[in-house]
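Number of protein chains: 8
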Amino acid sequence: MSFTVYLSGEVHTNWRDEVIQGALSKDLDIEFLSAVTDHAASDAAGDLLGEESNPFWRDHKSAKVNAIRTRTLIENSDLVIVRFGDKYRQWNAAFEAGYCAALGTPYVTLHAEDTVHALKEVDSGAMAWATSVDQVVGILEYVSKGRGPA
Amino acid sequence: MSFTVYLSGEVHTNWRDEVIQGALSKDLDIEFLSAVTDHAASDAAGDLLGEESNPFWRDHKSAKVNAIRTRTLIENSDLVIVRFGDKYRQWNAAFEAGYCAALGTPYVTLHAEDTVHALKEVDSGAMAWATSVDQVVGILEYVSKGRGPA
Amino acid sequence: MSFTVYLSGEVHTNWRDEVIQGALSKDLDIEFLSAVTDHAASDAAGDLLGEESNPFWRDHKSAKVNAIRTRTLIENSDLVIVRFGDKYRQWNAAFEAGYCAALGTPYVTLHAEDTVHALKEVDSGAMAWATSVDQVVGILEYVSKGRGPA
Amino acid sequence: MSFTVYLSGEVHTNWRDEVIQGALSKDLDIEFLSAVTDHAASDAAGDLLGEESNPFWRDHKSAKVNAIRTRTLIENSDLVIVRFGDKYRQWNAAFEAGYCAALGTPYVTLHAEDTVHALKEVDSGAMAWATSVDQVVGILEYVSKGRGPA
Amino acid sequence: MSFTVYLSGEVHTNWRDEVIQGALSKDLDIEFLSAVTDHAASDAAGDLLGEESNPFWRDHKSAKVNAIRTRTLIENSDLVIVRFGDKYRQWNAAFEAGYCAALGTPYVTLHAEDTVHALKEVDSGAMAWATSVDQVVGILEYVSKGRGPA
Amino acid sequence: MSFTVYLSGEVHTNWRDEVIQGALSKDLDIEFLSAVTDHAASDAAGDLLGEESNPFWRDHKSAKVNAIRTRTLIENSDLVIVRFGDKYRQWNAAFEAGYCAALGTPYVTLHAEDTVHALKEVDSGAMAWATSVDQVVGILEYVSKGRGPA
Amino acid sequence: MSFTVYLSGEVHTNWRDEVIQGALSKDLDIEFLSAVTDHAASDAAGDLLGEESNPFWRDHKSAKVNAIRTRTLIENSDLVIVRFGDKYRQWNAAFEAGYCAALGTPYVTLHAEDTVHALKEVDSGAMAWATSVDQVVGILEYVSKGRGPA
Amino acid sequence: MSFTVYLSGEVHTNWRDEVIQGALSKDLDIEFLSAVTDHAASDAAGDLLGEESNPFWRDHKSAKVNAIRTRTLIENSDLVIVRFGDKYRQWNAAFEAGYCAALGTPYVTLHAEDTVHALKEVDSGAMAWATSVDQVVGILEYVSKGRGPA
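Protein chains in written order, with the numbering used here: chain A, 1 to 150; chain B, 1 to 150; chain C, 1 to 150; chain D, 1 to 150; chain E, 1 to 150; chain F, 1 to 150; chain G, 1 to 150; chain H, 1 to 150.
Check the hints yourself; a few may be wrong.
[What the hints assert, rightly or not] Only pairs whose alpha carbons sit at most 25 Å apart, straight line, appear in this in silico BS3-like list of lysine-lysine:
#1 H:Lys145 - H:Lys26
#2 E:Lys87 - F:Lys26
#3 A:Lys87 - D:Lys145
#4 G:Lys87 - H:Lys87
#5 C:Lys26 - B:Lys87
Calculated from the structure, these hints are not laboratory results.
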């Protein structure tokens, strides 16, 4: 069985690339999925539907177009990695963690120690808390390779 | 991941062909599904089960045979495009939009500006409202191509 | 066991009152639920959240506020009566019928004979097609009173 | 039918009291539910199960005891109001909004205009965005009082 | 907690009355539900919707009106008793047993020993097979009275 | 999209072969599934688990081993054909129809006109009633071939 | 909102009474549910359906009659307390914990420190691990009393 | 259709290898899945996330990492075989059986006769009780090979 893993959260560092490269280097049988991570493209996802003078509605339209993609991908995933960086509020990451919790889809958080208290509710529903990409790759290796008898 | 998209609604124009051609021209990884769009064949779908003197029952039998196909296809779709044309009442299109809403399947409406008020409940549950096939193809491209890091 | 019945569709005639009076006159143990049927109030449901210059967004906001009410009521109902009148397109009625179909909630349609062909998909998922309020009340009486042995 | 409304998010202002008082003053038939809003008590919810030297595990135990309460209450609610204040990251509020989104439970956000862009994904799944308690109470009045014909 | 029990199947003997009397005599806290058991009334349940010349459609209309009642009652039951008598084919009883099996609603069959082989699939999904009303009442007493410590 | 069709019911005639040959002759893209139709093998399915002196328990064990297969197959099917022959009670066929009804899986009945009244509840939940294998094959062709625009 | 709590597991000590008395002494708004805890009565629950010479089938019949009660009660509970004592294997307690985990029903384990390693999978899905009745009562008080603003 | 079978329970004997070899020797179309069965590796699954001084939390972290794998595999299985050996308490096996019961996933138990009474609740929800690997392989052969007409 192959695993499908959705990478959620922070878009300002290249942690997704690092996870995917780590998995490739270990030859893991995993399909990675992700939201559109080009920030400007994501903010403009609804612009093709017509201009909006009110910024709320521009955001609204773009967020919904993005949600067509992200909700479908999350609902097709076996595991979700949710990354909280040290900048911005990243409410979307917490929103997707809550979405997983209600679906019963396992998720792993990836964040530094200084946000432990602020993320305690999010972490309490997670299957693991990781502080580094290496730990995430380690979990993916264990979970996807760990076979029973041949 | 490939996307599966069901094309619902109006059968009197060739908007389905235009959407499919648009997707082909952009090389999108999408499987398109649809009800039988040959109006006469659809009306006669139940005739092989025996003639009916009462037109209500002829319609009833045909509609149910069609529903074997349409409900299965909708339940296997990631996204539904619902087209409302400028003729006929097209209650079936609104019915299928409501079906999607209850399943939690995202749908996008495609209709002209003059039906905005009449379709407000249908639109309020949609992920987007498009007025042209080009916009629909634009959404399909964004949603299906928008990859994270390679 | 008491039945809960949601009355969906046409708001321009007093058919809801007639159904409720008919049920009262037969002393049926039924709780009736309904969307807000004051057309102007319903169109303005979102206005308290701020004005919109674009009529699409005004409709959008009102339709969503109405949906908080209608979807909760439908999901709490045992049976839905969906009325199609002879005016307007009434896409919302067909939308709510589709919503019921996907939930597995039984619904009964109430419409005249001249819309039989246009409503064949909606009718094919219904438990009954009625042409008069008396027939609807008759079904409600049979369904809610019909007890087994005492 | 009575409505059950869960009040989620910010615990540092008395917005919950204001909503409840507003509802009382209008005599609305609503049961309000809420997490434990005494911050210190909430942080200490797991302490009765034994001390922890590692703050992560203290938070973990308390967050899970709180989750027994909050998830049960959310799953019993018809509507959730999610408040984002101007301080702290409030990931828990976004987490609960995501939880509602996946359950299909309607939610309304309550936050100031300056967080519109940061909350666009959360808002895009909401039934309404309110900026004041008065607006929230207005929605509750409309939704819970809005009866059909008598 | 009170139990709700639906009595399904044979309508040609008074086994329902016997079960209900047995439960009354033991003062069990059970609400009993049942389809309409007046055979002629049940066959005519759809007649108020208009006459049918084709007996298939008369049966069809009546069966659907009955299903409004029976499916709602089954979905509200904690336990279903399914009685197979020694006459007629009683496909409806087997149909309702299959309906329970798919819902995960526990059911108990009540039939004589000579139909054991014919009913093996139905019995294999049941929580018990009873051959007498006394046994059914015994199960109801055990299940509904059996309290833990006071 | 390929369709998966489960063939349920009567095992004493070769109607399954006829349906499958009919589908082959029309080159339909359908996977057919079925219970074990060798009657003696089916009755003995549990014998490898040890002998039983009581025929009820022999039947019980075999029926459960068969159910491992049949329930999995039904839950993986898009459409079920349920055949009622003119001999035996065939409660299992009605049981599987009820199972489909509760799952929301569409099913088509196949039986002669003289059992119309006895099967009215089973038929009322079906998408069609067929009286011949040719009609079944006709439905399968329509449902699986009926494509939208190319 | 009142809480419903199911008490699962060990039947050889009076821990259920202690939990219930503790809750009474604190005036908690909780309904407690439980399997039949009279061991001999539970083992004999199926005897009224006829004697069995094979002890496996006697156990089988009794276990199924008990399951009518226990599964209904668990599915109606907001929280389950699962007690593992120091004697016997108590597979049933672990079985009910797994049942809760799959339903998404929160559960709390109650067991001594020396079974921590053996119960690690069961504990990892729990909302809390308690070692004393006092701790369980403390959780119940916090969860059921912890109100938001008045 | 191929079957997917998860092998749950005892890790101290090589019963998994025997089942898989038996299936291979009969050329069955089955994919086998399993938890990590290397006991030491399983206990250490969480160690890469950092050391824990408290053994409870070490177990907790490892059990959750293992659960990412096991719950995903169980939810993707058509059938689960649950093995109870004669040593250790094996609460995890009973936990996974309960998980299957709540999901409606069929499971077969594999254990010796002397644990019949202790496992009666687990067995009562199973589709079969086997005492040898040969019986398990026999069931797998019957279930996966048993085709209808060609």
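Hints and how they fare:
no.	hint	verdict
1	H:Lys145 - H:Lys26	10 Å, holds
2	E:Lys87 - F:Lys26	43 Å, violated
3	A:Lys87 - D:Lys145	43 Å, violated
4	G:Lys87 - H:Lys87	15 Å, holds
5	C:Lys26 - B:Lys87	43 Å, violated
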